[in-house]
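Okay, here's what each chain looks like letter by letter:
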Amino acid sequence: RKEVEQDPGPFNVPEGATVAFNCTYSNSASQSFFWYRQDCRKEPKLLMSVYSSGNEDGRFTAQLNRASQYISLLIRDSKLSDSATYLCVVKGYSGNTGKLIFGQGTTLQVKP
Amino acid sequence: DARVTQTPRHKVTEMGQEVTMRCQPILGHNTVFWYRQTMMQGLELLAYFRNRAPLDDSGMPKDRFSAEMPDATLATLKIQPSEPRDSAVYFCASGLVRGENTGELFFGEGSRLTVL
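Chains as they are written, first to last, in the working numbering: chain A, 1 to 112; chain B, 1 to 116.
Everything labelled a hint here was simulated from the structure, so no lab data went into it. Backbone N, C-alpha and C define an ideal beta-carbon position, used for all residues, glycine too. Watch out, some of these pointers could steer you wrong.
Taking lysine to aspartate or glutamate pairs in the DMTMM-like style, the calculated list, with each CA pair at most 20 Å apart, reads [what the hints assert, rightly or not]:
#1 A:Lys42 with B:Glu109
#2 B:Lys11 with B:Asp1
#3 A:Lys91 with B:Asp63
#4 A:Lys111 with A:Asp82
#5 A:Lys91 with B:Asp86
#6 A:Lys42 with B:Glu44
#7 A:Lys2 with B:Glu68
#8 A:Lys2 with B:Glu44
DEER-style ranges, computed between Cβ atoms [what the hints assert, rightly or not]:
#9 B:Pro81 with A:Pro112: 31 to 39 Å
#10 B:Pro81 with A:Lys79: 44 to 52 Å
#11 B:Glu44 with A:Ala20: 21 to 29 Å
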């Protein structure tokens, strides 16, 4: 089983739709969580960190459920420019050293 | 505008040849990661360094891959000998880690490797 798992999609949605992605992680000791965005043939870039109480940044809302070990990303009023791959990232541990582990990503296509 | 710089951007080589990829992390960052991305596996962590010391390279095939940081401004990833299955995009990323807090990771544009 992978340490971080995501539904690869693709999710095809019309402009203006609300879409949600989930991500599960296997290591209950994980403490830091992030969403990164990767455009086609580009490098990943940080979208937002995920805090325990949940957090919002404009149209984007991230939630963390420690009991069930999953993270979610909600995008409201989706735009064409939101089309990208969204990568769930978890800070895992190998001994005492933290390392950032990426999920395979969920692809979103927003259609006109 | 500080950024991570990777070279080469593209590399086509023949099986058995040595490949060296270089990365210049952002000045002041204390952590450097090497990732490999393929369609099948996504982003896989190969190795990472904190203050130039290797912390974890368990994701790297040791028989042919090696990663080093000869100084704070240069990280290298070497494959010798290369094989067709090594074809992928190799990303270097750097960040500033303080205690348990992992800040944002900044990625280079990647080195696209094709091994024939």
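Going down the list of hints, with the structure as the test:
1. A:Lys42 with B:Glu109: holds, 6 Å
2. B:Lys11 with B:Asp1: Violated, at roughly 26 Å.
3. A:Lys91 with B:Asp63: violated, 27 Å
4. A:Lys111 with A:Asp82: Since the Cα atoms of lysine 111 (chain A) and aspartate 82 (chain A) sit roughly 10 Å apart, the hinted pair holds (cutoff 20 Å).
5. A:Lys91 with B:Asp86: At roughly 26 Å apart (the allowed maximum being 20 Å), aspartate 86 (chain B) and lysine 91 (chain A) break the hint.
6. A:Lys42 with B:Glu44: Holds. Lysine 42 (chain A) to glutamate 44 (chain B) sits at ~16 Å (cutoff 20 Å).
7. A:Lys2 with B:Glu68: Distance ~27 Å between lysine 2 (chain A) and glutamate 68 (chain B) Cα, so the pair is violated.
8. A:Lys2 with B:Glu44: Since the Cα atoms of lysine 2 (chain A) and glutamate 44 (chain B) sit roughly 11 Å apart, the hinted pair holds (cutoff 20 Å).
9. B:Pro81 with A:Pro112: 31 to 39 Å: violated, 49 Å
10. B:Pro81 with A:Lys79: 44 to 52 Å: holds, 46 Å
11. B:Glu44 with A:Ala20: 21 to 29 Å: holds, 26 Å
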